[in-house]
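The chain contents come next:
There are 2 protein chains.
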Amino acid sequence: MELWFKEIDESQSGLTFKVKNVLFSKQTPYQRLDVFETDFYGNVLVLDGCVQITQKDEFVYHEMLSHVPLYTHPNPKNVLIIGGGDGGTVREVVKHPEVDHVDLVEIDEVVIEVAKKYFPEVSCELDNPKLSILPMDGIEYIKSKKNHYDVILIDSTDPVGPAEGLIVSSFYQNAFDTLTDNGVMAVQAESPFFYPEWVRKIYRNLHGVFPVTKFYLSFTPTYPGGMWTFGFASKGLDPVTDFAPSRVPAGTSFRYYTPDLHQAAFQLPAFVQELCRE
Amino acid sequence: MELWFKEIDESQSGLTFKVKNVLFSKQTPYQRLDVFETDFYGNVLVLDGCVQITQKDEFVYHEMLSHVPLYTHPNPKNVLIIGGGDGGTVREVVKHPEVDHVDLVEIDEVVIEVAKKYFPEVSCELDNPKLSILPMDGIEYIKSKKNHYDVILIDSTDPVGPAEGLIVSSFYQNAFDTLTDNGVMAVQAESPFFYPEWVRKIYRNLHGVFPVTKFYLSFTPTYPGGMWTFGFASKGLDPVTDFAPSRVPAGTSFRYYTPDLHQAAFQLPAFVQELCRE
Numbered sequence: 001m002e003l004w005f006k007e008i009d010e011s012q013s014g015l016t017f018k019v020k021n022v023l024f025s026k027q028t029p030y031q032r033l034d035v036f037e038t039d040f041y042g043n044v045l046v047l048d049g050c051v052q053i054t055q056k057d058e059f060v061y062h063e064m065l066s067h068v069p070l071y072t073h074p075n076p077k078n079v080l081i082i083g084g085g086d087g088g089t090v091r092e093v094v095k096h097p098e099v100d101h102v103d104l105v106e107i108d109e110v111v112i113e114v115a116k117k118y119f120p121e122v123s124c125e126l127d128n129p130k131l132s133i134l135p136m137d138g139i140e141y142i143k144s145k146k147n148h149y150d151v152i153l154i155d156s157t158d159p160v161g162p163a164e165g166l167i168v169s170s171f172y173q174n175a176f177d178t179l180t181d182n183g184v185m186a187v188q189a190e191s192p193f194f195y196p197e198w199v200r201k202i203y204r205n206l207h208g209v210f211p212v213t214k215f216y217l218s219f220t221p222t223y224p225g226g227m228w229t230f231g232f233a234s235k236g237l238d239p240v241t242d243f244a245p246s247r248v249p250a251g252t253s254f255r256y257y258t259p260d261l262h263q264a265a266f267q268l269p270a271f272v273q274e275l276c277r278e
Numbered sequence: 001m002e003l004w005f006k007e008i009d010e011s012q013s014g015l016t017f018k019v020k021n022v023l024f025s026k027q028t029p030y031q032r033l034d035v036f037e038t039d040f041y042g043n044v045l046v047l048d049g050c051v052q053i054t055q056k057d058e059f060v061y062h063e064m065l066s067h068v069p070l071y072t073h074p075n076p077k078n079v080l081i082i083g084g085g086d087g088g089t090v091r092e093v094v095k096h097p098e099v100d101h102v103d104l105v106e107i108d109e110v111v112i113e114v115a116k117k118y119f120p121e122v123s124c125e126l127d128n129p130k131l132s133i134l135p136m137d138g139i140e141y142i143k144s145k146k147n148h149y150d151v152i153l154i155d156s157t158d159p160v161g162p163a164e165g166l167i168v169s170s171f172y173q174n175a176f177d178t179l180t181d182n183g184v185m186a187v188q189a190e191s192p193f194f195y196p197e198w199v200r201k202i203y204r205n206l207h208g209v210f211p212v213t214k215f216y217l218s219f220t221p222t223y224p225g226g227m228w229t230f231g232f233a234s235k236g237l238d239p240v241t242d243f244a245p246s247r248v249p250a251g252t253s254f255r256y257y258t259p260d261l262h263q264a265a266f267q268l269p270a271f272v273q274e275l276c277r278e
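Residue numbers (our numbering), protein chains in the order written: chain X, 1 to 278; chain Y, 1 to 278.
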């Protein structure tokens with residue numbers, strides 16, 4: 001028997017790969033969750049039919065979501081992550097020694113359990129003493145804090161179902177209010193090739209709330225098209241001109257992120273620039 | 001009936017899409033050639049089972065292969081394209097008014113015929129008076145010219161079968177000899193995620209021959225992983241420091257390439273830098 005996974009969207013196209021074993025399958029209160037074992041990608045976490053992380057390429061997304069905002073902020077002490085129950089973003093955030101505390105607000109506790117069991121190198125910092133895990137809806141949580149976080153990272157699924165409210169203006173306004181005076185935020189912002197309308201909507205809604213809004217790109221092979229957008233938004237800090245490569249300590253090395261790439265990632269292809277306009 | 005195309009490689013994964021109609025299928029003297037009609041990608045050209053171009057995203061590859069070397073060279077008059085029978089690279093090259101003449105060396109004339117029929121907006125400059133089409137093997141052709149071309153573009157299929165000889169040292173030495181004293185070359189250089197050994201081999205072989213060898217990246221959604229490497233090699237010109245954004249005339253616009261992206265594309269992710277070392 002051969003088992004093949006397919007992630008097909010409105011484009012009637014997508015990624016397919018051979019599945020060696022189905023390690024886990026469950027309908028949680030929030031979503032369908034599957035874990036597949038594969039030869040090439042290692043274990044793969046799938047939510048509602050969409051690949052979230054694979055052991056082979058998760059480093060790209062987690063490094064780029066985390067280090068761009070954290071190295072832009074001169075002194076990130078308090079960090080909020082919404083979503084990201086797999087722990088990959090936490091793992092990158094706690095590499096910054098200035099960070100005192102991280103709150104991880106994940107609506108679906110099953111994601112955390114599964115990550116601990118099947119993705120040990122992704123979830124490895126979920127027991128870090130600097131971390132609090134808050135199993136609740138980030139949209140509600142964010143209303144409860146004012147002027148508290150230096151950095152917010154939105155590490156969400158596609159903006160449908162439980163994550164739909166994470167790209168609307170009222171959510172971004174609450175995020176703005178939750179940030180300190182020189183706070184910064186980064187959000188996963190979808191594919192400019194397959195979901196240009198989502199990219200456009202995220203840009204416009206962020207831009208309507210934040211004085212500084214700039215988008216950047218990375219290559220994530222297992223997301224549709226391999227080209228993935230992140231939104232950077234802040235109360236004033238610019239991720240290119242307020243970033244100095246010297247802020248990254250000598251000897252620090254990552255698998256994807258580099259100080260030069262931090263700045264280069266904001267140079268968007270012409271057709272993506274078109275989506276990131278008022 | 002539903003017809004689905006799949007491009008699966010050793011990773012046991014790949015792109016799949018729904019085919020509306022099969023427009024053309026033929027075993028040429030060199031390769032199997034198919035043209036599919038799709039809703040999302042438009043027409044798709046497939047050689048030996050590998051997607052070469054789609055109407056929706058071919059602009060990325062053709063712009064990045066062409067404009068990076070052509071805007072690096074201060075006065076590109078004579079250009080050689082090896083492969084590229086679809087005409088997409090020719091279309092971009094003749095946008096440079098300094099170019100006096102282009103030689104297109106395509107081994108498979110069926111590619112040219114098919115491009116003219118099914119990809120009119122790609123092949124639209126194949127009757128340009130500045131162009132000569134030479135239906136022969138580029139590996140042989142390049143031995144016949146010395147000190148002639150300002151720019152060489154290697155627009156080839158994967159380095160197996162007829163294209164295998166396009167990534168070996170002896171071919172690069174012949175290309176070096178064919179270039180003028182300040183000549184530059186760009187080559188399609190595969191996926192660092194799926195085919196890292198090819199990227200490494202192309203880098204090393206180019207670096208063994210050319211004083212300047214730098215690699216750059218672009219996003220091509222329908223190539224494996226969406227992340228595609230190009231190799232730049234020259235007798236002395238540096239594609240970053242010898243390029244001035246002012247060389248791109250005001251008012252010039254492309255769909256992917258921008259002067260800022262020209263330079264940013266050379267800032268490689270850490271794991272790709274590892275492949276592009278001696």
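Keep in mind that a hint or two might mislead.
It does not matter which identical chain is used: a pair holds within one copy or between any two.
Unchecked claim - In the BS3-like style, the derived pairs of lysine-lysine whose C-alpha atoms are separated by at most 30 Å in a straight line are:
#1 K201 - K18
#2 K18 - K130
#3 K26 - K77
#4 K6 - K145
#5 K18 - K235
#6 K77 - K20
#7 K117 - K146
#8 K6 - K56
#9 K235 - K77
#10 K145 - K130
#11 K117 - K143
#12 K143 - K130
#13 K117 - K201
#14 K130 - K95
#15 K235 - K26
#16 K56 - K146
Simulated from the structure, these hints should not be mistaken for laboratory data.
(request) Go through the copies and call it for K130 and K95: within, between, both or neither, with a Cα cutoff of 30 Å. (result) Intra 11 Å, inter 56 Å, cutoff 30 Å: intra-copy only.
(request) Using 30 Å as the alpha carbon limit, work out where K56 and K146 are close: within a copy, between copies, both or neither. (result) Result: close neither inside a copy nor across copies, 38 Å intra and 45 Å inter.
(request) Up to 30 Å between alpha-carbons, please classify K26 paired with K77: within, between, both or neither. (result) Cα proximity of K26 and K77: none, with 36 Å in one copy and 63 Å across.
(request) Can you give me the call for K117 and K201, within, between, both or neither, at a CA distance of at most 30 Å? (result) neither (36 Å within a copy, 38 Å between copies)
(message) Within, between, both or neither: how does the pair K235, K77 come out at a Cα-Cα threshold of 30 Å?
(response) Classified as within: same-chain Cα gap 16 Å, cross-chain 49 Å, threshold 30 Å.
(message) With identical chains, the pair K201 and K18 could be close in the same copy or across copies; at 30 Å between alpha carbons, which is it: within, between, both, or neither?
(response) between (34 Å within a copy, 28 Å between copies)
(message) With identical chains, the pair K117 and K146 could be close in the same copy or across copies; at 30 Å between alpha carbons, which is it: within, between, both, or neither?
(response) neither (35 Å within a copy, 62 Å between copies)
(message) Checking an output row: K235 and K26, CA cutoff 30 Å. Within, between, both or neither?
(response) neither (41 Å within a copy, 59 Å between copies)
(request) With 30 Å as the alpha-carbon cut-off, assign the pair K6 and K56 to within, between, both or neither. (result) For K6 and K56, the Cα distance is within 30 Å both inside one copy (18 Å) and across copies (22 Å).
(request) Tell me, please, which holds for K117 and K143 at an alpha-carbon limit of 30 Å: within, between, both or neither? (result) Classified as neither: same-chain Cα gap 32 Å, cross-chain 59 Å, threshold 30 Å.
(message) For K143 and K130, with the copy left unspecified, which applies at a CA distance of at most 30 Å: within, between, both, or neither?
(response) Within. Shortest intra-copy distance 22 Å satisfies the 30 Å Cα cut-off; inter-copy 64 Å does not.
(request) Up to 30 Å between alpha-carbons, please classify K145 paired with K130: within, between, both or neither. (result) within (19 Å within a copy, 66 Å between copies)
Of the hints listed earlier, those the structure fails to meet are numbers 2, 3, 4, 5, 6, 7, 11, 13, 15, 16, in rising order.
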